[in-house]
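Based on the hints, put chain B in the right spot on chain A.
2 protein chains.
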Amino acid sequence: MEKKIIVTIGRQFGSGGRIVGKKLAEQLGIAYYDKELINLASRESGICGEFFEKADEKTSGSLFKSWTMGFSMNSAIFQSNDYLSNESLFQIQSDVIRKVASQGSCVLVGRCADYILRDNPDCVSVFVSASWQDRIRRAMEYDEKLTEKDAVECLKKADKSRASYYNYYTDKVWGAAESYDLCINSSLYGIDRTIDFVREFICTEKKGE
Amino acid sequence: MEKKIIVTIGRQFGSGGRIVGKKLAEQLGIAYYDKELINLASRESGICGEFFEKADEKTSGSLFKSWTMGFSMNSAIFQSNDYLSNESLFQIQSDVIRKVASQGSCVLVGRCADYILRDNPDCVSVFVSASWQDRIRRAMEYDEKLTEKDAVECLKKADKSRASYYNYYTDKVWGAAESYDLCINSSLYGIDRTIDFVREFICTEKKGE
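Those protein sequences? They're chains A and B, same order as listed. Residue numbers 995 to 1203, in the numbering used here, belong to the letters of the first sequence in order. Residue numbers 995 to 1203, in the numbering used here, belong to the letters of the second sequence in order.
Do not take every clue at face value.
Identical chains share a label here; the pair holds if one copy fits it or two copies do between them.
[Said to hold, decoys possible] Only pairs whose alpha carbons sit at most 25 Å apart, straight line, appear in this in silico SDA-like list of lysine to any residue:
| hint | residue 1 | residue 2 |
| --- | --- | --- |
| 1 | Lys997 | Thr1141 |
| 2 | Lys1154 | Arg1037 |
| 3 | Lys1048 | Asp1186 |
| 4 | Lys1143 | Val1167 |
| 5 | Lys1143 | Tyr1162 |
| 6 | Lys997 | Lys1016 |
It should be emphasised that the hints constitute simulated quantities derived from the structure, not laboratory data.
With the rest of the complex left out, here is chain A (with noise of 0.2 Å):
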């Protein structure tokens, strides 16, 4: 039987981290999830998506009304009229994630996954950093009306946002060496390089198999 491949990818915003997953996925033909996620919540809950979208990798504790989307009442937590918390569409999320897990090899993005999935004995987590010259030119490629400046600011506000989302429903530290497997700084070889390495890793087979 083929081995399992479950790779979950945190990535600092500008670093290419949502493209190394991607390619990844391409190259060992396996599914690959990253906003994708969202329709799925949404798809399995029947709350709209916009929702989870609203909350995406976001801590806030404001709580959304909740409404159907009409096609779906599958999910116990939904309940019409009643307001809906930040909390639980990360539960949904995580169910989701679960799931797509428990259903075959995957690379998924963000989102806590490799915390959700820590007990999972397939699962290899992945950080990918680069440096901050990298990660401006990806900022101002991605929004051209941006400064340098600005895309300083907007990668450091992300770089908040995301460790507060990880921090807060994590027990573990967001870009901290020690809450992955791996990380890897892909400014050193390039993108299809630091894929190179990172195929090679997870591929390998754990100690005792």
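Positioned in the frame of chain A, the structure of chain B alone reads:
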């Protein structure tokens, strides 16, 4: 011409980072520096090794009364009857690190070598972490008198001390993924396969080479 390889290894206490560095140097047939840096710094400066040992990877601002070893007087920093700060000892050790790195390929463990050599294009920085379970086991093997509870305390204290030293002397954060090129959890695949992976990573040609 053969590629010059400078590898710096940061590590959690009990992670096996030291043995990863030592075996890596053996396999590559290159020099290895850990505590050896203390002897070299002592020889270079004429300051008793005891002072370097006391200040080793510690930040305490306490001053040590300096005294000569008599056999060497080639350090401009050293002045008989002066007081010598930990900062001065750090500077001497930094000069030694830069010197050995300029002389040839080597593996350097701890002592902020990644920061000291940040502008050295041959340098690749690695950080080794491990599971609590493995770290506790190693601490208890290292000192057989330790109970499991003592070992946990000892590990926490060692991490705190290393973090404090690193964060004081560098503008980076000890153990943060973004401070290193590669961070690896030695518990996932065990020490030998961790070494294989680090060796492969550091032997890759950098972008544009």
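Quick rundown of the hints versus the structure:
no.: 1; hint: Lys997 with Thr1141; verdict: neither (46 Å within a copy, 39 Å between copies)
no.: 2; hint: Lys1154 with Arg1037; verdict: neither (29 Å within a copy, 46 Å between copies)
no.: 3; hint: Lys1048 with Asp1186; verdict: neither (32 Å within a copy, 45 Å between copies)
no.: 4; hint: Lys1143 with Val1167; verdict: between (27 Å within a copy, 23 Å between copies)
no.: 5; hint: Lys1143 with Tyr1162; verdict: neither (29 Å within a copy, 27 Å between copies)
no.: 6; hint: Lys997 with Lys1016; verdict: within (19 Å within a copy, 32 Å between copies)
Checked against the numbered hints given earlier, the structure breaks hints 1, 2, 3, 5 and satisfies all the rest.
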